[in-house]
Amino acid sequence: MTRIPRGLAVACGVVAFLVLLPIGVTVVQALQGGFAAAGDAIRAPSSLTLLKNTLVIAVIAVPLAGAIGVAGAWFIERTRLPGRRVWAVLLVAPLTVPPFVTSYAWANLGNPLQGLVGAAGIVAFSYFPIVYLLVAVALRGMDPALEETAQSLGLGTGPIFFRVILPQLRPALLGGLLLVALDTFIEYDAFVALKVRTFSSDIYAQYQLGFSASGAAALSCFSLVISLLLLFGEARLRGNVNYTRVSQGARRIAPRYGLGKTTLPVLAGFVAIVAVSLGIPLGTLVKWLATSSGTALDSASANLHYLWPATLTSVTLGLSAALLALMFALPIAVLAIRYRGPRVTVLERSVYLSFALPDLVAAIALAYAASHLARFLYGSFGLLVFAEAILFLPFAVVALRATIGQIEPGLEESARSLGAGPLAAFMRVTAPLARPGLLAAIVLVFAFTLGDLATAQVLLPLNLYTLGTEFQASSSSVAFAAAAPFAAVLIGLALIAAWVLMTRFGEVREPAEE
Amino acid sequence: MAELICTGIAKSFGDRPVLVDLDLTVPTGTLTAILGASGSGKTTLLRVVMGFVPADGGIVRVGSEIVVDAGQSFVPPHRRGIGYVAQEGALFPHLTVAGNVAFGLPRSERRTAARIAEVLALVGLDRSYADRRPHELSGGEQRRVGLARALAPRPHIVLLDEPFSGLDPSLRTETREAVVRALAAEETTAVLVTHDQSEALSTGREVAVLRAGRLVQTASPEVLYRDPIDLDVARFVGEAVVLAGTARSRLVECALGTLPARGTAVDGPVHVLIRPEQIRFAAGHGEGVLAEVVGSSYHGPDTLVRLALPGGSETTIAARTFDQDVPAKGERVPLVVEGTVAVYAR
Numbered sequence: 001m002t003r004i005p006r007g008l009a010v011a012c013g014v015v016a017f018l019v020l021l022p023i024g025v026t027v028v029q030a031l032q033g034g035f036a037a038a039g040d041a042i043r044a045p046s047s048l049t050l051l052k053n054t055l056v057i058a059v060i061a062v063p064l065a066g067a068i069g070v071a072g073a074w075f076i077e078r079t080r081l082p083g084r085r086v087w088a089v090l091l092v093a094p095l096t097v098p099p100f101v102t103s104y105a106w107a108n109l110g111n112p113l114q115g116l117v118g119a120a121g122i123v124a125f126s127y128f129p130i131v132y133l134l135v136a137v138a139l140r141g142m143d144p145a146l147e148e149t150a151q152s153l154g155l156g157t158g159p160i161f162f163r164v165i166l167p168q169l170r171p172a173l174l175g176g177l178l179l180v181a182l183d184t185f186i187e188y189d190a191f192v193a194l195k196v197r198t199f200s201s202d203i204y205a206q207y208q209l210g211f212s213a214s215g216a217a218a219l220s221c222f223s224l225v226i227s228l229l230l231l232f233g234e235a236r237l238r239g240n241v242n243y244t245r246v247s248q249g250a251r252r253i254a255p256r257y258g259l260g261k262t263t264l265p266v267l268a269g270f271v272a273i274v275a276v277s278l279g280i281p282l283g284t285l286v287k288w289l290a291t292s293s294g295t296a297l298d299s300a301s302a303n304l305h306y307l308w309p310a311t312l313t314s315v316t317l318g319l320s321a322a323l324l325a326l327m328f329a330l331p332i333a334v335l336a337i338r339y340r341g342p343r344v345t346v347l348e349r350s351v352y353l354s355f356a357l358p359d360l361v362a363a364i365a366l367a368y369a370a371s372h373l374a375r376f377l378y379g380s381f382g383l384l385v386f387a388e389a390i391l392f393l394p395f396a397v398v399a400l401r402a403t404i405g406q407i408e409p410g411l412e413e414s415a416r417s418l419g420a421g422p423l424a425a426f427m428r429v430t431a432p433l434a435r436p437g438l439l440a441a442i443v444l445v446f447a448f449t450l451g452d453l454a455t456a457q458v459l460l461p462l463n464l465y466t467l468g469t470e471f472q473a474s475s476s477s478v479a480f481a482a483a484a485p486f487a488a489v490l491i492g493l494a495l496i497a498a499w500v501l502m503t504r505f506g507e508v509r510e511p512a513e514e
Numbered sequence: 001m002a003e004l005i006c007t008g009i010a011k012s013f014g015d016r017p018v019l020v021d022l023d024l025t026v027p028t029g030t031l032t033a034i035l036g037a038s039g040s041g042k043t044t045l046l047r048v049v050m051g052f053v054p055a056d057g058g059i060v061r062v063g064s065e066i067v068v069d070a071g072q073s074f075v076p077p078h079r080r081g082i083g084y085v086a087q088e089g090a091l092f093p094h095l096t097v098a099g100n101v102a103f104g105l106p107r108s109e110r111r112t113a114a115r116i117a118e119v120l121a122l123v124g125l126d127r128s129y130a131d132r133r134p135h136e137l138s139g140g141e142q143r144r145v146g147l148a149r150a151l152a153p154r155p156h157i158v159l160l161d162e163p164f165s166g167l168d169p170s171l172r173t174e175t176r177e178a179v180v181r182a183l184a185a186e187e188t189t190a191v192l193v194t195h196d197q198s199e200a201l202s203t204g205r206e207v208a209v210l211r212a213g214r215l216v217q218t219a220s221p222e223v224l225y226r227d228p229i230d231l232d233v234a235r236f237v238g239e240a241v242v243l244a245g246t247a248r249s250r251l252v253e254c255a256l257g258t259l260p261a262r263g264t265a266v267d268g269p270v271h272v273l274i275r276p277e278q279i280r281f282a283a284g285h286g287e288g289v290l291a292e293v294v295g296s297s298y299h300g301p302d303t304l305v306r307l308a309l310p311g312g313s314e315t316t317i318a319a320r321t322f323d324q325d326v327p328a329k330g331e332r333v334p335l336v337v338e339g340t341v342a343v344y345a346r
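Chains D and W are the protein sequences, given in the same order. Numbering follows our numbering, with no gaps: position 276 of the first sequence is 276. Numbering follows our numbering, with no gaps: position 14 of the second sequence is 14.
Possibly wrong hints are sitting among the right ones.
[Said to hold, decoys possible] Taking beta-carbon pairs under 7 Å as the criterion, some of the chain D residues facing chain W (in silico):
#, residue
1, L411
2, S414
3, G419
Read the hints as simulated data drawn from the structure, not as lab findings. Glycine included, each C-beta is placed from N, C-alpha and C at the ideal position.
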């Protein structure tokens, strides 16, 4: 086992501490109300309903997101499906569309979708791109020789998929499903317009009614425990798989399968997925914009002069949070890839615990921590940036791991032997090679921060407003016409982010001409 | 340029010892080849010297500077002035050939192409390679660029880890010669590890045999081949014919007759080491020991003929002949041994 450089260990320790800080604060707050009060909050009959609702949503949404993600990735990466590059962008785009916009759009479609089915649908169709991205990267890194061997042993396309490809996809697939499952337990934005009661929505309701920190904190402990179970369950299922490719010369690119007669049905499936995931929010937006006439327009035009400052605030917030998250994620990703071991696993996993608290609770805990530990941050824009960076850190870590993991350690060693120090080796070799991952991390955190409502509502300084908070404020007025311009800018930025993400990170590679 | 001195190097992974009390001295400006089977600890030794792996114990000295003491690697890899050529070359895929070669140069020298062109010429590559990308190079060219990159910052020592593995035989010879020439031209102290005896014997001023984490013999290629320290080393560095015999006053009696023995006199029962090329087919009749041909393998310039000695002895021996007329299977031929033989007490 190679010794971990002290600087790296310290950096990772600091990041882990920052991630765990809001959790610690929340647990302390839960206990401050006394064990009895916390116990009451947890045992309340309503808590059981909340748990049941959340579980039902997860049980529907997680497999659905997994199936869509894996199927999408396989058809785009491994078949001669027409329009692969376009589909690749379209399948990622839903991830960057703010979930609260999607929520209002689905709610707008009618009552049946405002219940559990709608909630599960929104989660599945907003977050399947996580599975898609991770599985697509894994598919690309797979050695085609294994499939050829399976073919030589007499296996057809179907059995090869289930017996050779799927087992190799397990780490990527489990990682993606884990993120979707964790998200279900803390999701608030996606359910904001629905009539579903989950932990997050109840906590939010409590918060608005006059906040009882200990009650909300006690409820959060549910999601905390479930997150811990999921995290370590996934770690066990995943085992100690080494992603690092031991390269022997140039990697061959896997061949693509022809779809033949199944081309049309597959295309129809893709159209259906895109229609649900992108068509609903975009279509609703167009409808809002089209009907923004008469009385509604008055309030809309009254709101419009907020559009530019809100955009500026949102973009500044998104970019700062993205860069901060990147700084936090880099040491963690490097540590997790280059130095394996039980302690490293615990450290890396602890980063994912930022998914264990509902955004709102984490935001309140951070505000509390700032008011005691760093007063200068309290109520500042900086604290919001910090909160967003911590909140979406897991995505940055996942994106970095995927690319840094494919860089041979031998290259860094060569750099060291040529006189470059650890930092110089990273800057001159690892960083340029991991550029797609660095960019993906920035774009993901940027897009999520843009689409995050709950954290901004708690931590945004009073004199500022973002596209999200303005959308929320306007959507409660007469019609959605007033909210539409904000949603339009948000979705526009989201689609640009998705496009950058796909062209730089998820590029569909074609076999080189011989 | 500096000498490399390793004393008492020890390293284990878990409870599996990989290097055991290992001593190695590489004189300034020479190349020492370390020959070992896979798993013998060759790569680990290089990585300890390089500083990629901390040793459990021992001292590594580059010239007068101690870089590892009592296992503590207190000089980090990038300050040791040791160049490293990794197994597959490990060229940076995001840089051109020139970018790779210039990587270790100080910033001021990176822009001037002088040193880049110089080291590329040294490894026998044309200036026109400078703008190519690593994936546009053949395997042999990649290894040469890897060496040029290691030589460019004028390191005290260069370590080469199986630098010719995976190359086809003709390319291997060509690349090997280019590498040895370049190292000699720069008068660089070099350590090359390999599992291929002919590679070790043809490149090293000295060859050190690594077995189970210990250097069992360090000697010039000729001494190593002719007078290996024991029969294991004898078999490892080349095809060996080992016969039982009895030695008396510098003569040894064995199944191939009475032969002159080399080295310190041993009396009594011995093993006799004969190299196949020492065994010749006798021209005249009535000369030599008759043996029956049981098979042969043709290598082009030479053929290795397997023979069974008379008297029901189970050992078959091998004779290397450079004659294109090889006796057929089943034929009985007279054998004579040329030169002196090495003996080992039984």
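Structure-based check of all given hints:
Against a cut-off of 7 Å between C-beta atoms, the interface hint on L411 of chain D holds, since the closest Cβ of chain W lies about 5 Å away. Checking S414 of chain D against chain W: minimum C-beta separation of about 5 Å stays under 7 Å; hint holds. Taking 7 Å as the C-beta cut-off, the interface hint given for G419 of chain D holds, the closest approach to chain W being about 5 Å.
Checked against the numbered hints listed earlier, the structure breaks none of them; every hint is satisfied.
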